[in-house]
Amino acid sequence: MKIVVCIKQVPATTDAKIDPETKRIIREGVKAELNPFDTYAVEEGVKLRKRFGGELITLSMGPPSAVNSLRETISVGADKAVLLSDRALGGSDTWATSYALAKAIEKIGDVDLVICGKQAVDGDTAQVGPGIAAHLCWMQATYVNAVSDITEESIIAKRMHEDGYDICEMKLPAVITVVKGINTPRVPTLKGRLMSEEVDIPTWSAADIGADPEKIGLMASPTRVVKTNPPPPRESSTIKITGSSEKCAKELVRELRLRSIL
Amino acid sequence: MEHHIKNKIYHVEILPPKQAVTIEKLHEGLDGFAEKYNRVMDDGRCACITDNAMGLLAFQGTEVIEELKLKVNPEQVMIHLNTFHTKENLDEILESCIRLGIKYLLVISGDGSDRLPKLQPSDVGATTVEAVTSVELTRYILKEYPGKFVIGVAFNPYEPEEHEFEKLDRKIAAGATFVITQPIIEKNAVVDKLLENYPSMPVIVEAWMSKKLSLLSDAVGYEIPEDTVFDPLATLGELHRLYPGCGVYLSLLGFKYQIDKLEGLWK
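Protein chains in written order, with my numbering: chain A, 1 to 262; chain B, 263 to 529.
Isolated chain A, as found in the complex:
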């Protein structure tokens, strides 16, 4: 089985700033990290590859520095990684990005399954995974929190939604986007981290993947950001719980559960 996990390098901050002119995220001077949701996609890829054999390749479109996030995926178990980086791809929205990633997946060839995190924490669109499936004309399941079975021909996935969940059986090749609860991402080992530095990660250009220049970059992106606002800061509040120790403890646990902290 050949699995591709698409990942994104995002600003390592919850205080993301947006350029008021270009309406794009300011990346300069901000530390970057692997999109937290993608760590679950990588872990699922590692687990499936371990269980069923085959090859796990991670793929990212971004600036040259995104190679560091790809190395992180190697350090936790990916076999290979590919960086898609070209000025011509700059400014791509989710549609143009998913087109470019789909072209790269075609170039990798014989891919059975593509796994993405449910969304990136910088853009929060959750559109790239479904976009890849659309460009490739493959089946897809979003918000997957369990892969219960997989064969050479099909995959059975549990897909979460507001009212419960769906059990989806899809023919392969397919695309899934995964949510936080699907697994516990492993932490890189020192051996893995040092080894990842030795791995050669190729950089592909738009021409390398045979992308149509009319379908990539800012000009080919149908999305127009009209206005952006930073989200309101989270409000903090204090609750005083009184009564016996037992009553207070119960009430505290209830409050923490209501806020999904416990």
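Heads up, some of the hints might be wrong.
Stated by the list, open to error - List time: in silico DSS-like cross-link candidates among lysine-lysine, alpha-carbon distance up to 30 Å:
#	chain 1	residue 1	chain 2	residue 2
1	B	K410	A	K80
2	B	K410	B	K349
3	A	K17	B	K280
4	B	K349	A	K247
5	B	K474	B	K280
6	B	K380	A	K158
7	B	K405	B	K298
As the list claims (entries may be wrong) - Quick list of the computed label-pair ranges, beta carbon to beta carbon:
#	chain 1	residue 1	chain 2	residue 2	range
8	A	E251	B	K455	51 to 59 Å
9	A	D124	B	I285	24 to 32 Å
10	B	E328	A	M219	51 to 59 Å
11	B	E354	A	K31	24 to 32 Å
12	B	K349	A	P213	46 to 54 Å
13	A	E251	B	E421	17 to 25 Å
14	B	K380	A	T242	27 to 35 Å
15	A	A88	B	K349	21 to 29 Å
16	B	S375	A	S245	46 to 54 Å
17	B	T389	A	F52	27 to 35 Å
18	B	E328	A	D110	48 to 56 Å
19	B	S384	A	D110	33 to 41 Å
Simulated from the structure, these hints should not be mistaken for laboratory data.
Glycine included, every Cβ here is placed at the ideal spot set by N, Cα and C.
Starting from the structure of chain A, add chain B where the hints point.
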């Protein structure tokens, strides 16, 4: 552990390199770790290696020791082990300890973060609790690896006293055989009570070796002003005088300026 106290062997905290750094910084961190570790070994002291301290992702002490092929004297290494691991990872660490000959563990609940998994009660065979603490972890280690480890636990004199002693009783019942306190900088009534209530238990008091005393604010539960003047070496000397029967754990020891001045301080 009595041997450490009797022979005036300092416990020196060493932090392994952090995860989120460039490869150049990682190599610098590994070199720095090896230098500190070897110095502690050469001085005949005990290296105490933290486990994702403050919830910040770092490499494990055991994997660093193995990767750098550092020498282990079982009497001179202590590994911190907290509850923020997967079961697989926990067992890997414990098996590495056995392979390396490390027997001293400081078992703590620890600080978590978004990137750190938390042990589940079922991972450690606990059926009556909702969350794994150092009690369940201690019990698990001693049950699964009998005779392999000597386990110490933490004692926080800044927590509500009754609760902290009740917790300590449970830790001891689980199998802990020595105690390390949170940092103290002067005579502490709760530590005095600890020594009085558990006369046969080896107690190691933690000495704060950073000049920045304000960093202790979180531990003590009140704000220490940033400009507080603090002399760590003088305080350490005072702790030896106040607690002559205790071992001493040195946190945030300066390897450039302080380590050479330790000689002769513990008389």
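Results of checking the hints against the structure:
Taking the CA atoms of B:K410 and A:K80, the gap is near 39 Å; set against the 30 Å cutoff, the hint is violated. Distance hint between B:K410 and B:K349 is fulfilled; the C-alpha atoms sit about 18 Å from each other, no more than 30 Å. Under the criterion of a C-alpha separation no larger than 30 Å, the hint pairing A:K17 with B:K280 is consistent with the structure, at around 26 Å. The hinted pair formed by B:K349 and A:K247 fails the criterion: a straight-line CA distance of about 33 Å is larger than 30 Å.
For the hint pairing B:K474 with B:K280, the CA-to-CA distance comes to about 21 Å; that is within 30 Å, so the pair holds. Distance check on the hinted pair: B:K380 and A:K158 sit about 24 Å apart at the alpha-carbon level, within 30 Å; holds. Proximity of B:K405 to B:K298 is assessed by CA-CA distance (about 33 Å); at most 30 Å being required, the pair is judged violated. Roughly 30 Å separates the CB atoms of A:E251 and B:K455, a value that falls outside the hinted 51 to 59 Å.
One distance hint, 24 to 32 Å for the beta-carbon pair A:D124 and B:I285, holds here, with the actual separation near 31 Å. The given range of 51 to 59 Å is respected by B:E328 and A:M219, whose C-beta atoms sit roughly 53 Å from each other. At roughly 29 Å, the beta-carbon separation of B:E354 and A:K31 lies within the given 24 to 32 Å, and the hint holds. About 51 Å separates the C-beta atoms of B:K349 and A:P213, a value consistent with the hinted range of 46 to 54 Å.
Checked against the given bound of 17 to 25 Å, the beta carbons of A:E251 and B:E421, roughly 20 Å apart, stay inside it. As the Cβ distance of B:K380 to A:T242 is approximately 30 Å, the hint placing it in 27 to 35 Å holds. Against the hinted window of 21 to 29 Å, the Cβ-Cβ separation of A:A88 and B:K349 comes to about 47 Å, which falls outside the hint. Here the CB-CB span from B:S375 to A:S245 is close to 29 Å, at odds with the stated 46 to 54 Å.
Checked against the hint of 27 to 35 Å, the C-beta distance between B:T389 and A:F52 comes to roughly 33 Å, which is consistent with it. Taken as a hint, the range 48 to 56 Å is violated for the pair B:E328 and A:D110, whose Cβ atoms sit roughly 38 Å apart. For the pair B:S384 and A:D110, the beta carbons lie near 39 Å from each other, so the given range of 33 to 41 Å is met.
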